[in-house]
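There are 2 protein chains.
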Amino acid sequence: MTDDPESPRPAPPQEVVDAVREAVEAGDSARLVDLLEPLHAADVADILEQIRAGERAALLRLWGREIDGDILSEIDESIREEVIESLAPDVLADAVRELDSDDVVDILEDLEEPAQARILGALDREDRAAVEQSLSYPEYSAGRLMQREVVSAPLHWTVGETIDFLRSEEWLPDQFYHVILVDPRMKPIGYVTLGRILSARRDVRLSDLAEESFRVIAATEAEADVAYIFTQYHLISLPVTDQAGRLVGVITIDDAMSVLDEEHEEDMLRMAGVGEESSLSDGVWDTVRQRFPWLAVNLVTANISALVIGMFENTIAVIVALAALMPIVASMGGNAGTQSLTVAVRALATRDLTASNAKRVVWRELVVGLLNGVGFAVVMGLVAWAFYGRDVWLGAVIGAAIVVNLVVAALSGVLIPLVLHRLKLDPALASGTFVMTLTDVVGFFAFLGLATMVLL
Amino acid sequence: MTDDPESPRPAPPQEVVDAVREAVEAGDSARLVDLLEPLHAADVADILEQIRAGERAALLRLWGREIDGDILSEIDESIREEVIESLAPDVLADAVRELDSDDVVDILEDLEEPAQARILGALDREDRAAVEQSLSYPEYSAGRLMQREVVSAPLHWTVGETIDFLRSEEWLPDQFYHVILVDPRMKPIGYVTLGRILSARRDVRLSDLAEESFRVIAATEAEADVAYIFTQYHLISLPVTDQAGRLVGVITIDDAMSVLDEEHEEDMLRMAGVGEESSLSDGVWDTVRQRFPWLAVNLVTANISALVIGMFENTIAVIVALAALMPIVASMGGNAGTQSLTVAVRALATRDLTASNAKRVVWRELVVGLLNGVGFAVVMGLVAWAFYGRDVWLGAVIGAAIVVNLVVAALSGVLIPLVLHRLKLDPALASGTFVMTLTDVVGFFAFLGLATMVLL
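One line per chain: the protein sequences are B and U, in this order.
Residue numbering for the first sequence follows UniProt numbering, beginning at 1 and increasing consecutively.
Residue numbering for the second sequence follows UniProt numbering, beginning at 1 and increasing consecutively.
Heads up, some of the hints might be wrong.
No more than 20 Å apart at the CA atoms, straight line, and that leaves these computed lysine to any residue pairs for SDA-like [unchecked claim]:
(1) U:Lys424 with U:Pro138
(2) B:Lys424 with B:Val378
(3) B:Lys359 with U:Ala53
(4) B:Lys187 with B:Trp157
(5) B:Lys359 with U:Gly283
(6) U:Lys424 with U:Val308
(7) U:Lys359 with B:Gly245
(8) U:Lys424 with B:Leu60
(9) U:Lys359 with B:Arg246
(10) U:Lys359 with B:Glu49
(11) U:Lys359 with B:Gln14
(12) U:Lys187 with U:Arg215
(13) B:Lys187 with B:Arg246
(14) U:Lys424 with U:Leu382
(15) B:Lys187 with B:Arg167
(16) U:Lys359 with B:Trp157
(17) B:Lys359 with U:Val288
(18) B:Lys359 with U:Ala19
(19) B:Lys424 with U:Gln14
(20) U:Lys359 with B:Gly54
(21) B:Lys424 with B:Asn357
(22) U:Lys359 with B:Asp18
(23) U:Lys187 with U:Trp157
(24) U:Lys359 with B:Arg52
(25) B:Lys359 with U:Val16
(26) B:Lys187 with B:Glu211
(27) B:Lys359 with U:Ser279
(28) U:Lys187 with U:Leu155
(29) B:Lys359 with U:Trp285
(30) B:Lys187 with B:Asp254
Bear in mind the hints are in silico, worked out from the structure with no lab data behind them.
Note that the coordinates shown come from a computational prediction; the quantities given were computed from them, not determined experimentally.
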């Protein structure tokens, strides 16, 4: 126990990072150990992520023996493989052996074959079997997320029997918050919080202390559902069952919190058309590769807009001011579309947008698009009239085009993610690019088309 | 305890929502109670959010007596006031009295004065004092988030003394996962997990069971820091101290998880320029009001782009194809800028982007922008040459403009959020609009400017 509680200064402070760098540069391993020793594994992992690749290799060489499993499990995937490969086999074996099964699985998932084999080889037979069993569940499933170390008790036990059992048990998980009640076939049928066990008399039956609401999840269910259930029902742990309904593991809230965080990151990155695996520690080439595909899609869609504009070259040749004004229509649409889109993607992720209210939400977006459209049409119509040749009809044309484009933007912003969701695709999947393309094309077409009809 | 664990089907299924609606329409309160009774408060809240305002009022009239505090605490802020106002005073009083202090504070924060007074009036004196004390901490601070119900013990107690104390204590919080060790001045100095207490012999001292790492947070610290500490260090509960360092409350992980979720939402909505308070249950006018401001900003910035284009009207009048091609340059920049921006905003939120690596990340973005720029410049240069008059120089101009704009996009995508962060503003704050403006202006200027110099 520390006498002085660590102050909650987020992240390892800059001075520590700088001092670590100096120690590494000086090759001063004693100083390095002094600096890193008091830090939480998560902070050590952050330092490893923040320094340059060369410094990282030097640090690991100087400090290699001391690295423990928690650091491997905290470190970002983008550099984990590099770190694991730099460790001596016996150091790696020691590091991995102290981890719970879910953490080992989490590390293994993202590694290439040879690194995986090195880690599996370092485990003793029983742990290896547990890890391999977890890996047999589909990726991103509850089975991959659970830890196999579970504390369970028969329904008929009393508080006293439970306490005696826990006292006699040599090995208990690091983190457990419930005793799960099971029937003779190991089917989970309820759970009791440790707080209730501690505050009850020894002769009280566990079944009388069980929580009112109780949920389990099948090992094959999706990770995203796990995160949802934890947030929706404020759970601390969730028992996992196999096909026969038997208890095979438990998921704790810290794992659910990581999933929630990852899901969110995925949504943001996907909406922006960035590879969802992207990370700040990725190198230049990885980053180029992640971003290239959606930029390529955007190049194609931008050329479609150019074709639309090209259709009206004769109109632009006559009234060149149209060329200056047309991006305004497109840009207002793009902005309004992004607003609707963001709200819809978020609402689908939190499951607030459902079949019950989809029609109402689409309708609301339409009305909002129309109202904002009319508002900005009036303003922009006046601006165009005042500054682009005092032509009332030019003002009318840009106003009408803005109304059309803002309605299309509002509708596509909510319909595109709804359709992606219905097709069982991620609603966030680069929907930004789709919405922008649509509002560009519609914006240019409506504005230049109306201009051709009205102004020529 | 339920005999059959509820299956983890996310959200109340469509059939239940439909059945509830039918019961409300038929005015069948017995059926309504039957339908809602077995549901978790979070699911009842979801149903209330998903039905129309009229149906909601009818439902609450039919079912009013049965509503409990948990439902009020689960319900979305956008309709909470409406629900609270529809309840009879005694129903509201009963509902609020069963809640923990942090939940009451959470409800009160978002209410207008008269509704606040109604709820405070419903509490008994002691609870009211606790709630008012929490409200005296700044908004979005740890003090607002904590529950005041804490289980603590003197450092010198044994396991046996602790268990005897817990058994004799009439009142314990619903959720507690640690016993917090305090010195005689109530300063927290460590904690012991309940699992360790349960598995130790009665004569073991609590101080021998305390967790290795221990953190506290001051009541005045920001909510965002709370969420960060929970994720970074995988905490389950975090003791809160007052200015004198005395234990005044505890924050549990479910509250931290909600904060994390809200922070995510805020980031997404802010980046898109949507009011961060926006919700799917908002009415049309609220939604128009939330979205109008950033659309107005966008109108101004779009007019700046128009001015830039206007500077080159003579060039466009000579080569009309430029009008068709110029949005391609702008759009590629906008897209690339959004990619960098999203990665940077996310990295600032997770505190992966720090002073230690900012220079390196900016540099990486620059190189990535340059490489992607050159790649797409070659492709688009060839396309422009092939389809727009076989003019080598036109291809060269659009290529060069794309390189310039992608470099600017990449840099501004990371620099704008970094500057906002340095200014202690939220990096997500409509940075999308800023980046888009910049890439539009630079794109049009570079392309049309080069064209004027080279092609005329």
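- [ ] Any hints from earlier that this structure breaks? Give me their numbers in increasing order, please.
- [x] Checked against the structure, the hints that fail are numbers 2, 6, 7, 8, 9, 14, 15, 16, 30, while the rest are satisfied.
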